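*Asks:* Sequence:
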Amino acid sequence: MIKRSILFLLLLCCVVGSVNATTPTVPETCTATDFYVVLDDTSMTTELITAQLETIDFNVATPSVSGVENNRIYFSSKSDLARFCAILSYTNPSIPFSGAFSVYTEDGFTPVSVLKIYGTYAPEAWVYSDLTINSSKSQMAYIYSQTSNGQYSGDSISNNGVQFFYYSGGSTAVNGAQYDEIVLLSNNVLTYGCKGGGYDPRVGRVMSSLVVFDYIEYEYSGSLTLTLTELYTPPEQGNISIYATAGTAVYESSYLLGTTDNGGLLDIQLPMGEHTLKFVKEGYWDVLKTVTVSAENNSEIYVSMAPRNAIFQVEKEFSGNIYPNSVARLSMDVTPVKTAYATKLRVSGVEVNKVYYQTQELPKTADGSHIIGDMSSPQNIVIDFKTTSSWGERAFTVELSATDIEGTAYTNL
Numbered sequence: 001m002i003k004r005s006i007l008f009l010l011l012l013c014c015v016v017g018s019v020n021a022t023t024p025t026v027p028e029t030c031t032a033t034d035f036y037v038v039l040d041d042t043s044m045t046t047e048l049i050t051a052q053l054e055t056i057d058f059n060v061a062t063p064s065v066s067g068v069e070n071n072r073i074y075f076s077s078k079s080d081l082a083r084f085c086a087i088l089s090y091t092n093p094s095i096p097f098s099g100a101f102s103v104y105t106e107d108g109f110t111p112v113s114v115l116k117i118y119g120t121y122a123p124e125a126w127v128y129s130d131l132t133i134n135s136s137k138s139q140m141a142y143i144y145s146q147t148s149n150g151q152y153s154g155d156s157i158s159n160n161g162v163q164f165f166y167y168s169g170g171s172t173a174v175n176g177a178q179y180d181e182i183v184l185l186s187n188n189v190l191t192y193g194c195k196g197g198g199y200d201p202r203v204g205r206v207m208s209s210l211v212v213f214d215y216i217e218y219e220y221s222g223s224l225t226l227t228l229t230e231l232y233t234p235p236e237q238g239n240i241s242i243y244a245t246a247g248t249a250v251y252e253s254s255y256l257l258g259t260t261d262n263g264g265l266l267d268i269q270l271p272m273g274e275h276t277l278k279f280v281k282e283g284y285w286d287v288l289k290t291v292t293v294s295a296e297n298n299s300e301i302y303v304s305m306a307p308r309n310a311i312f313q314v315e316k317e318f319s320g321n322i323y324p325n326s327v328a329r330l331s332m333d334v335t336p337v338k339t340a341y342a343t344k345l346r347v348s349g350v351e352v353n354k355v356y357y358q359t360q361e362l363p364k365t366a367d368g369s370h371i372i373g374d375m376s377s378p379q380n381i382v383i384d385f386k387t388t389s390s391w392g393e394r395a396f397t398v399e400l401s402a403t404d405i406e407g408t409a410y411t412n413l
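Residue numbering for the sequence shown follows full-length UniProt numbering, beginning at 1 and increasing consecutively.
Some hints could be false.
[Claimed, not checked] Pair by pair, the computed Cβ-Cβ distance ranges are: (1) 221 <-> 174: 22 to 32 Å; (2) 166 <-> 201: 18 to 28 Å; (3) 22 <-> 172: 20 to 30 Å; (4) 318 <-> 298: 18 to 28 Å; (5) 132 <-> 331: 52 to 62 Å.
[What the hints assert, rightly or not] Taking lysine-lysine pairs in the PhoX-like style, the calculated list, with each CA pair at most 25 Å apart, reads: (6) 354 <-> 364; (7) 289 <-> 316; (8) 78 <-> 137; (9) 116 <-> 78; (10) 338 <-> 281; (11) 344 <-> 354; (12) 316 <-> 344; (13) 386 <-> 364; (14) 364 <-> 316; (15) 278 <-> 316.
Hints listed in this document are in silico derivations from the structure and should not be mistaken for laboratory results.
These figures come from a predicted structure and were not determined experimentally.
Just so it is clear, CB atoms sit at the ideal spot from N, CA and C, and this is done for glycine as well.
Work out the full structure, taking the sequences as your base and the hints as a guide.
*Replies:* What follows is the structure, given as structure tokens:
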């Protein structure tokens with residue numbers, strides 16, 4: 001009988017412990033979602049991340065983790081992701097993994113701002129300050145708040161005049177912590193109030209961390225001194241103009257950045273640094289391009305999409321100015337989608353002066369083509385041609401033909 005009683009008590013304690021648990025539970029099977037972070041430390045394995053996560057105490061509103069895979073942590077919702085990005089608690093006002101991660105939502109890579117707000121006051125009167133926050137649009141924001149009040153002290157927070165946080169006590173200090181979703185207007189005002197009990201330790205103290213999936217600007221005014229600290233600042237971004245075939249989808253990793261319009265243009269912004277982009281269009285070979293985004297200049301990418309019935313991706317550029325009755329130069333960077341055999345080049349519609357391949361001049365054969373041979377890596381082909389006797393637009397055709405290892409014939413025009 002005694003053994004049974006002890007067993008019952010142990011089981012009861014386990015149940016109570018699970019209800020009050022404030023550390024995340026990581027499921028054995030990872031369910032990928034649109035809401036996740038990618039850790040900067042690529043050496044962190046799934047096992048290491050899981051072990052670390054399950055020791056983090058979130059105090060209240062523990063984020064729901066849907067899985068861990070490689071150096072990614074997935075969350076069940078945007079709110080759970082935001083809770084992960086907020087401070088852990090008043091006594092541990094830090095961000096998990098020291099904030100060394102990038103944030104992704106349903107929009108792909110997403111800038112996120114995390115602002116820590118701290119106010120304290122000892123005199124026996126309520127004082128207030130307005131924290132004005134400007135962002136690019138009205139949107140949902142997420143705020144974790146916690147007090148550390150002495151006797152006869154209190155705190156309050158309102159969003160655009162609507163109070164959502166209030167704790168105040170008398171001879172017994174009243175404290176609390178909560179996690180809220182609020183509507184953040186593009187021009188938003190958070191009002192912080194604080195009241196002390198007259199002297200230390202009868203002090204009112206409140207700390208918040210505001211998470212906004214956007215760039216923000218902020219300032220405060222009023223009688224309550226607020227200490228504002230940016231715990232996570234979105235990386236600076238640069239502009240990129242992409243020129244490709246109309247309707248080309250542009251991805252970074254598996255996330256769609258956008259699609260080129262009817263004119264073949266897509267303007268996007270990406271964080272500074274190097275990015276590998278993937279260009280996808282039905283009926284065309286996929287293209288990978290690496291671009292370096294800098295603050296000094298807008299980046300431009302020109303992508304030549306090769307149809308599936310072609311074996312080469314070709315980027316071409318005329319060198320220098322073109323004048324009548326002269327020799328002009330066309331430079332082509334040719335990348336085989338797969339190894340091309342018995343490659344030939346043929347030019348029609350213009351008189352060819354010389355053709356160079358691997359800096360060597362290629363002779364013309366009896367049928368008017370230039371034999372290049374096998375090609376398995378990117379190469380440059382230069383065509384010197386004679387211009388016409390008058391100004392105006394003239395069209396000519398450059399044809400590349402080859403076969404693959406299975407003997408399938410391809411032609412690039």
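*Asks:* Among the hints numbered above, which are violated by the structure, and what are their numbers in rising order?
*Replies:* none
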